Amino acid sequence: MTGLWAVLITTFLASAVEAIEMVTIVVGVGATRGWRSTLIGAASGFGVLAVVVVVLGAALSRVPIGPLRLIVGALLLTFGLQWFRKGIMRVAARGLAGIGGHDPTETAEWTESGMDWTAWFLAFKGVVLEGLEVAFIVVTFGAGANNFAGAVVGGVGAVIIVGGIGLALHQSVRRIPRSLLQLIVGVLLSTFGTFWAIEGLGIDWPGGDAAIPGLLILYVATALTYITLERNRALGLRPAA
Amino acid sequence: MPPPFSWIVAIARFLYEFIVGDDWTVAAAIAIGLILSAVLNVNHIAAWWLIPVIVVVMLGISLRRASPR
Numbered sequence: 006m007t008g009l010w011a012v013l014i015t016t017f018l019a020s021a022v023e024a025i026e027m028v029t030i031v032v033g034v035g036a037t038r039g040w041r042s043t044l045i046g047a048a049s050g051f052g053v054l055a056v057v058v059v060v061l062g063a064a065l066s067r068v069p070i071g072p073l074r075l076i077v078g079a080l081l082l083t084f085g086l087q088w089f090r091k092g093i094m095r096v097a098a099r100g101l102a103g104i105g106g107h108d109p110t111e112t113a114e115w116t117e118s119g120m121d122w123t124a125w126f127l128a129f130k131g132v133v134l135e136g137l138e139v140a141f142i143v144v145t146f147g148a149g150a151n152n153f154a155g156a157v158v159g160g161v162g163a164v165i166i167v168g169g170i171g172l173a174l175h176q177s178v179r180r181i182p183r184s185l186l187q188l189i190v191g192v193l194l195s196t197f198g199t200f201w202a203i204e205g206l207g208i209d210w211p212g213g214d215a216a217i218p219g220l221l222i223l224y225v226a227t228a229l230t231y232i233t234l235e236r237n238r239a240l241g242l243r244p245a246a
Numbered sequence: 022m023p024p025p026f027s028w029i030v031a032i033a034r035f036l037y038e039f040i041v042g043d044d045w046t047v048a049a050a051i052a053i054g055l056i057l058s059a060v061l062n063v064n065h066i067a068a069w070w071l072i073p074v075i076v077v078v079m080l081g082i083s084l085r086r087a088s089p090r
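Line by line, the protein sequences give chains B and V. For the first sequence, my numbering assigns the number 6 to the initial residue and increments by one for each residue that follows. For the second sequence, my numbering assigns the number 22 to the initial residue and increments by one for each residue that follows.
For the record, the hints were derived by calculation from the structure and aren't laboratory data. Worth double-checking, as some hints may not be accurate.
Said to hold, decoys possible - Straight line, CA to CA, 25 Å or less: simulated SDA-like cross-link-like pairs of lysine to any residue:
1) K91(B) / L229(B)
2) K130(B) / F26(V)
3) K91(B) / L240(B)
4) K91(B) / A52(V)
5) K91(B) / L186(B)
6) K91(B) / A48(V)
7) K91(B) / R34(V)
8) K91(B) / I40(V)
9) K130(B) / P24(V)
10) K91(B) / L101(B)
11) K91(B) / A50(V)
12) K91(B) / P24(V)
13) K130(B) / N64(V)
14) K130(B) / F51(B)
15) K91(B) / W122(B)
16) K91(B) / A154(B)
17) K130(B) / M22(V)
18) K91(B) / F26(V)
19) K130(B) / A55(B)
20) K91(B) / A87(V)
21) K130(B) / W28(V)
22) K91(B) / D44(V)
23) K91(B) / D43(V)
24) K130(B) / A87(V)
25) K130(B) / G71(B)
As the list claims (entries may be wrong) - Here are some chain B residues the structure puts well away from chain V; computed CB gaps all over 10 Å:
26) W10
27) G52
28) L65
29) S66
30) A79
31) I93
32) T123
33) F141
34) A202
35) A216
Computed from a predicted model, the values in this text were never measured in an experiment. The C-beta atom is built at its ideal place from N, Cα and C for all residues, glycine as well.
Let's have the full structure, built from the sequences with the hints guiding it.
Here it is, written out as structure tokens:
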């Protein structure tokens, strides 16, 4: 059984990765086009995400735990590997830099009264597009760990904390090392995805749940090795034989 | 494309991006690895090691392919 802390930490970090982009978009739109329409758009986006989480969560709760772990494990593993790979490439290329650069959402200032539908749509789209992957991770991870409430608390907690930082400090959220967070979450999702997919096939792990830290160590060592190789390759160096 | 069809296409595109992403060979290798693990298990051969090995090997191959030459 996966512990509450593992569920909270994994869903919190996964949600934080996407929340950085989400908050950057919402704060950027709000600062330039006004807050009222932007916040209504963001709230509408969160409403859509809440419906996705509830509907998907209810559907998954009806599946028996064996097949559920195979499906959830395989999904988390294939998705986790994408972040694992992107995280290695980005950390190797940029180290611990944040997303930085020019704010992609900068638009003309809105001075009219009434609803600004451009701001509403930009905030809504930013929340839904960035949040949909997190909604899937929260639901599937919660289902696999048999701790749906813990997964939702972790996911929502990250959005509230990153959102609070974004609203209070505006540009500071762009300096959070998103690439490193993405790599950590990729490693965690790949670890639990591997464990649950194999368990879902009815295969016993040597040592039972103690195999999880073993997998984590293997994947962390893999990440460190590939980051070193990528950096050497970028510098035109050959790894020592 | 009218709305119901465009929504279906958008959902299908999201699911493909979520599950497969930009390197389909990794997802294919995981799917084949899970099938092989099930076959080994049915024949009472230890299979827990296969997916971790595929993960490590396929990550290396995928990174090498994605790196600028």
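Hints and how they fare:
1. A C-alpha spacing of about 13 Å is found between K91(B) and L229(B), which places the hinted pair at or below 25 Å, so the restraint holds.
2. Annotation: proposed proximity of K130(B) to F26(V) holds, straight-line Cα distance about 19 Å (limit 25 Å).
3. For the given pair, K91(B) sits about 19 Å from L240(B) by alpha-carbon distance, which is consistent with the 25 Å threshold.
4. A threshold of 25 Å between alpha carbons decides the hint, and for K91(B) with A52(V) the separation of about 20 Å falls inside it, so the pair holds.
5. The straight-line distance between the Cα atoms of K91(B) and L186(B) is roughly 11 Å, inside the 25 Å bound, and the hint therefore holds.
6. Restraint check for K91(B) and A48(V): satisfied, since their Cα atoms lie roughly 15 Å apart, inside the 25 Å limit.
7. Taking the CA atoms of K91(B) and R34(V), the gap is about 20 Å. The hint holds against a cut of 25 Å.
8. With a CA separation close to 14 Å, the supplied pair K91(B) and I40(V) stays within the 25 Å bound.
9. For a cut-off of 25 Å, the pair hint linking K130(B) to P24(V) stands: about 17 Å separates their Cα positions.
10. Taking the CA atoms of K91(B) and L101(B), the gap is near 14 Å; set against the 25 Å cutoff, the hint holds.
11. With a C-alpha separation of about 18 Å, the suggested pairing of K91(B) with A50(V) holds against the 25 Å cut-off.
12. Between the alpha carbons of K91(B) and P24(V) the distance comes to roughly 33 Å, so the proposed pair goes past 25 Å and is violated.
13. The suggested pairing of K130(B) with N64(V) is violated, with an alpha-carbon distance near 50 Å, which exceeds 25 Å.
14. Between K130(B) and F51(B), the direct Cα distance comes to roughly 10 Å. Compliance with the 25 Å bound is thereby established for this hinted pair.
15. Between the alpha carbons of K91(B) and W122(B) the distance comes to roughly 34 Å, so the proposed pair goes past 25 Å and is violated.
16. The hinted pair formed by K91(B) and A154(B) fails the criterion: a straight-line CA distance of about 29 Å is larger than 25 Å.
17. Among the hinted pairs, K130(B) with M22(V) is consistent with the structure: their alpha-carbon atoms are about 20 Å apart, no more than 25 Å.
18. Restraint check for K91(B) and F26(V): not satisfied, since their Cα atoms lie roughly 31 Å apart, outside the 25 Å limit.
19. Between the alpha carbons of K130(B) and A55(B) the distance comes to roughly 15 Å, so the proposed pair stays at or under 25 Å and holds.
20. A threshold of 25 Å between alpha carbons decides the hint, and for K91(B) with A87(V) the separation of about 10 Å falls inside it, so the pair holds.
21. A distance of roughly 14 Å separates the Cα atoms of K130(B) and W28(V); the hinted pair therefore holds under the 25 Å criterion.
22. Distance check on the hinted pair: K91(B) and D44(V) sit about 11 Å apart at the alpha-carbon level, within 25 Å; holds.
23. For the proposed pair K91(B) and D43(V), the alpha carbon gap of about 10 Å is at most 25 Å, so the pair holds.
24. With a C-alpha separation of about 29 Å, the suggested pairing of K130(B) with A87(V) is violated against the 25 Å cut-off.
25. Our distance criterion of 25 Å between C-alpha atoms is broken by K130(B) and G71(B), whose separation comes to about 36 Å.
26. For W10(B), the shortest C-beta to C-beta distance to chain V comes to about 23 Å, beyond the 10 Å cut-off, and the non-interface label holds.
27. For G52(B), the condition that its CB be more than 10 Å from all CB atoms of chain V holds, with the nearest at approximately 17 Å.
28. Chain V leaves L65(B) outside its interface by the beta-carbon criterion, the shortest separation being 15 Å against a cut-off of 10 Å.
29. The beta carbon of S66(B) is kept farther than 10 Å from every beta carbon of chain V, the shortest such distance being approximately 20 Å.
30. Not every Cβ of chain V is farther than 10 Å from the Cβ of A79(B); the closest lies at roughly 6 Å, contradicting the non-interface assignment.
31. A beta-carbon of chain V is positioned within 10 Å of the beta-carbon of I93(B); the least distance is around 6 Å.
32. No Cβ of chain V comes within 10 Å of the Cβ of T123(B); the nearest lies about 21 Å off, and the non-interface call holds.
33. A Cβ of chain V approaches the Cβ of F141(B) within 10 Å, the least distance being about 6 Å, so the stated non-interface status is violated.
34. Under the 10 Å C-beta cut-off, the non-interface status given to A202(B) relative to chain V is violated; the minimum distance is some 6 Å.
35. Not every C-beta of chain V lies more than 10 Å from that of A216(B), the closest at about 7 Å, which undercuts listing it as non-interface.
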